[in-house]
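Those protein sequence lines, which keep their order, are chains A and B.
Counting from 1, one number per residue, gives the positions in the first sequence under this note's numbering.
Counting from 1, one number per residue, gives the positions in the second sequence under this note's numbering.
Keep in mind that the hints were calculated from the coordinates and are not lab data.
If a hint is listed, it holds; no wrong ones were tucked in.
In silico lysine-lysine, BS3-like type, Cα no more than 27 Å apart, as pairs:
no., chain 1, residue 1, chain 2, residue 2
1, A, Lys-136, B, Lys-204
2, B, Lys-96, B, Lys-181
3, B, Lys-77, B, Lys-89
4, B, Lys-181, B, Lys-204
5, A, Lys-104, B, Lys-181
6, A, Lys-104, A, Lys-136
7, B, Lys-96, B, Lys-78
8, B, Lys-181, A, Lys-136
9, B, Lys-78, B, Lys-89
10, B, Lys-77, B, Lys-96
11, B, Lys-77, B, Lys-94
12, B, Lys-94, B, Lys-78
13, A, Lys-136, B, Lys-175
14, A, Lys-104, B, Lys-175
Far from chain A by the CB rule (all over 10 Å, computed), these chain B residues:
no., residue
15, Arg-8
16, Ala-13
17, Ala-18
18, Val-23
19, Ala-29
20, Ala-33
21, Ala-39
22, Val-73
23, Ser-79
24, Gly-85
25, Val-106
26, Lys-115
27, Arg-142
Using N, Cα and C, we set each Cβ at its ideal position, and we do this for glycine too.
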Amino acid sequence: MSEPNPTSAAGLPSEALAKEGNISAAEREDLRRHGILLTSLEELYGWGRSNSIWPLQFGLACCAIEMIAAATARFDIARFGAEIFRPSPRQADLMIVSGTVTKKMAPQVVRLWNQMPEPKYCIAMGACAISGGPFKQGYNVLKGIDRFIPVDIYIPGCPPRPEALLHGLTQLQEKIRSEKISGPQAARHLQPDAASEFPVPDYGAHDLQPPSNPDIFTAPVLPRKA
Amino acid sequence: MESLEQIRDRLLARFPAAKVELVVNPGTAAEHALLLDAAHARDIALFLRDDPALRLDYCSNVTGVDWPEREIVDTVKKSVPDPAGGPAKVVEEKSKRIQPGCLEAVYHLYSMALKHGPVILRLRTGNRTDQVTLPSLTPVWRAADFQEREIFDLYGIVFSGHPDLRRILMWDEFKDHPMRKDYVAPDDFEWEPTPHGEVHERAKAHYPPAVQPPDGPSVASAKEGPAP
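Same shape as in the complex, but just chain A (with noise of 0.2 Å):
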């Protein structure tokens, strides 16, 4: 431990303690400084929840090559405690749909984030789970997972490069760390009447059955010319 910071440990502004809940970052640094952990149960839950993220371990196109790249060495998904990739949804945290979501393979993924306990997260990895990407336009190709299942972070490119998916990564720690634990503005999972689970679509004849969840999809309205 270094020496505390004579001007800062004199200045510690005793009138903004007396302030419920508005200690600055840089207040309750000095604070540590003098060892006095100050925290709140809330933040202590997203702290711990937000560096624990355990994803779950599968890719659908090439998209999961830049996921498996963001795990080696070099980019060290490690750094951010999302490292254990897990084999199975029951104890996984993150699905990270990497790549070209195809008709036939959406059922398989809505199943997928059905057996996953909550708290769960999602990230739309690259172009094809946003929207389809280069696919968009054809027949069996899903336009976008959003029309399924919930998505908290979208990363965009064709595939993006592992930073972005590290950077996507952070935000939604960033999410996790801001969630609270009570009130209206409570996390999904804490609300007991949120949806959890969402139905696995049927395969049709001619398209999926249905083809987009309507309760979480609702096409945004683009203002143009008719």
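The hints should help you fit chain B onto chain A, whose structure is shown.
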């Protein structure tokens, strides 16, 4: 390797009942092919594989082609003698005929043993609706297995004698054949950020009613720019 004409003549001598035609490819690739009839295709394939001069032991590629029905205009030039005794006039007579549609399977064969090839075989179905059966050549070349399944899936050619004829890319409940020319893809064009061309036309049907002018697109609405 002997020329395609020589192969055809040998096949006709070996299988007198068979119908073997030479299909000439007029393009620069000049990939001419042998058109076989379905009844003798299996025997001819076995012959091509086992003949010591050919030994086409490697089927590198199997693909499908959809030939929809199309109208062909034949132009015939005729010289009509002038009754007045002048020079004869050249008159063009045009006649239309319908070329019936069919589905086609194309096999590209090579010889690994003799290092030659390709020899291209074509098989055609009777039509595009109910006579779509062709003999499978998977018993001759094992490599044709998945590719014939793919043709079955995407074009709808039924290969009789195939050991495991199921759809390979689309799901089993799927009813269409997406690579056919008359296939209509499912309409999920409701969210197209930058539509253009044909996609633009299809995406238009999904534009929210508020942005559509009440009585169709007009010059005035086009001038107003983007609707709110």
